[in-house]
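Can you build the whole structure from these sequences, using the hints too?
Protein chains: 2
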Amino acid sequence: MELSSSRLSRLGTKEPPAYNGPVKVSDLGEFGLIARLAAALGDNAPPELILGIGDDAAVWRFTGGCLLATTDTMVEGVHFLPAAAPWADIGWKALAVNISDVAAMGGTPLFALVTLALPTDTPVAAIDQLYAGLRECAREYAVAIAGGDVVQAPQVAVTVALLGRAGEREGRPLLLRRDAARPGDAIAVTGTLGDAAAALRRLREGAPPDGPLARAHLRPRPPLGVGQRAAALGIVCAIDVSDGLLQDIGHICERSGLGADICAPNVPLSPALREAYPDDALALACSGGEDYQLVLAGPAERIQQLRAQSDTPVTIIGEMRESESRAPRLLDEAGGAIHLPALGWDQLRRP
Amino acid sequence: MELSSSRLSRLGTKEPPAYNGPVKVSDLGEFGLIARLAAALGDNAPPELILGIGDDAAVWRFTGGCLLATTDTMVEGVHFLPAAAPWADIGWKALAVNISDVAAMGGTPLFALVTLALPTDTPVAAIDQLYAGLRECAREYAVAIAGGDVVQAPQVAVTVALLGRAGEREGRPLLLRRDAARPGDAIAVTGTLGDAAAALRRLREGAPPDGPLARAHLRPRPPLGVGQRAAALGIVCAIDVSDGLLQDIGHICERSGLGADICAPNVPLSPALREAYPDDALALACSGGEDYQLVLAGPAERIQQLRAQSDTPVTIIGEMRESESRAPRLLDEAGGAIHLPALGWDQLRRP
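These protein sequence lines map, in sequence, to chains B and U.
The first sequence begins at 273 in this note's numbering and counts up by one.
The second sequence begins at 273 in this note's numbering and counts up by one.
Derived from the structure by calculation, the hints contain no laboratory data.
By construction, the Cβ of each residue, glycine as well, lies at the ideal position given by its N, Cα and C atoms.
Be careful, since some hints might not be right.
[As the list claims (entries may be wrong)] Stretches of chain B that chain U covers, calculated by requiring three or more beta carbons in the stretch to come under 8 Å of a beta carbon on chain U: (1) 293-302; (2) 330-339; (3) 348-354; (4) 400-408; (5) 416-423; (6) 431-441.
Below you can see the structure in the form of structure tokens.
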């Protein structure tokens, strides 16, 4: 649920800023701030809380069932520009990025609360379209809109809180967690990567994207069924690709206490991406983000079963391994390390 | 869940604006927009959705239990000014206004997702304090913080999504609904009203509030136990006072298809309010808002039982009645109508 939204600029630098007064949230960065807030909560979590801050969704034991809860926000000027994306697509995406979190837990989305923050001079037609796109996504994924909030704000923002259900077997939840990878697990990814980031680059270059790149950027389609099948097959580790493949695998590494080797030639790239950016296709796929595909880690034979059962392509791209370093290694065919420029996205770092 | 947050200015006019281009959300107003969005959702709600848009919280049937879900947002510059309220109080209130929604359903809050929207130059100390206040409120009401989101934005905003549980008897949920008032029901209110609005007026006059007025404004304490006891006693109708007593009773009238008579001398006013604004105490109590008390409607004998069982004062202030008009009537001791200037709060109207 941390961060799965589009963005118009990269705030990627990891260098500590010069001291100039009180510590700012940009000094900590998004993940530093989340760790700080999580630590502040202490360890008095109730027994009903199966999984709290630090995974794609929270998991709560509720009267014999297993509830999933996640939330994501899209802010005008930060995560979208109305001039660059139809309002209907903004509505679709605001819900889709939350469905992606539920998919990454192996669950089924149930219902959503939608908060619209709006300037008073927002045209009603824009909100009608935003809501129409949101409803299309809700219908496609069988999500009910159960309520929400409308507040005044200087710019449009859409916050969705999505509730879902985890599958269960013999009273135990079937969850895909970030902290459950084992050494030797195969690492697989759904679909193709980098298309959304390529579309964003096209936009920045002044050319409106079209075709599959635009669709990937504007209307992400989280592979919900793959997550559910993976959980049913006994796979226990996944994350969605929102911040960038390597950064998101890095979260699995951190939480599982392992390293990861990724075989660059195996990273699935679409023909449209290869055509649009032949030289940067791999970099866009590895660190572009916003793919809303799944990364799964599990025994190779189960991943193969999952491949056989899924319409969505499932590609093995690497392996979890024992390592001192939690940074995934990107390797070429000969096993040599590949170094890419920018890695992933942090909301709160300075540009 | 619609709108239960503080505000720094009133946007109360109901006059249609002059035509100047496309229809704006300010032309519809908050409640017009919510009605439009609710209508757009159509009527294909799944059977699990017991109660959707239009009450204090959504109600969802989940594996044998009855789940409550609500969300509220506080935006810097709209709902709070950091200069006028300590960050810790902003954190407290962001959660408390959601607890108020669960109280108004007669339920028990369980866990929350917290979304922080932040400029990158926000001091970490401010967020630490905000979170400390939020945690205090969470501890007081036994709410777990299970997750959330951190996003970059031009100003601070805090969005809380709160999940809760409704009580049940023989498999049926015990709910306090807006649409369940009956003619002849006594109307009762908890605590005293108008204190928070008086504190806000003090702030606008340049004098920082202190004492009970400031506490009511900065640290609202929803009477959770009263709502739960009311539901257990078989009372079935309530709303929380967030937008102003008369406007909120008006929501009960609309949804229940009734009118209401309110006896002005019975509206409970605190000594601090009477002292601060002797002439305007009634107006502040009736249309000030942000009280986060409960209005209940039910048979007089059950309300009396509730009074007897509650530490929080419960005061009968009027009666539901058959009427063509859905606007509550405010009456003096002799039964004459009292007309107050501004009625309630609408986020999206033009000032």
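**OP:** Count residues of the segment 400-408 of chain B with a Cβ under 8 Å from any Cβ of chain U, then say if the count reaches three.
**Re:** This one holds; 4 residues, not fewer than the three required, reach chain U with a Cβ under 8 Å.
Subject >> chain U over the segment 431-441 of chain B, status - at least 3 residues with CB closer than 8 Å >> reply: Our answer is that it holds, as 4 residues pass the Cβ test (under 8 Å) against chain U, meeting three.
Original post:
Within the assertion that chain U covers the segment 330-339 of chain B, do at least three residues meet a Cβ-to-Cβ distance smaller than 8 Å?
Top reply: holds (count 7)
Subject >> Per-stretch coverage check for the segment 293-302 of chain B, three Cβ contacts closer than 8 Å to chain U >> reply: holds (count 8)
**OP:** Count residues of the segment 416-423 of chain B with a Cβ under 8 Å from any Cβ of chain U, then say if the count reaches three.
**Re:** Satisfied; 8 residues make the cut.
Subject >> Check of the segment 348-354 of chain B against chain U for coverage (Cβ-Cβ below 8 Å, three residues minimum) >> reply: holds (count 3)
Violation of the numbered hints given earlier is absent; every hint is satisfied by the structure.
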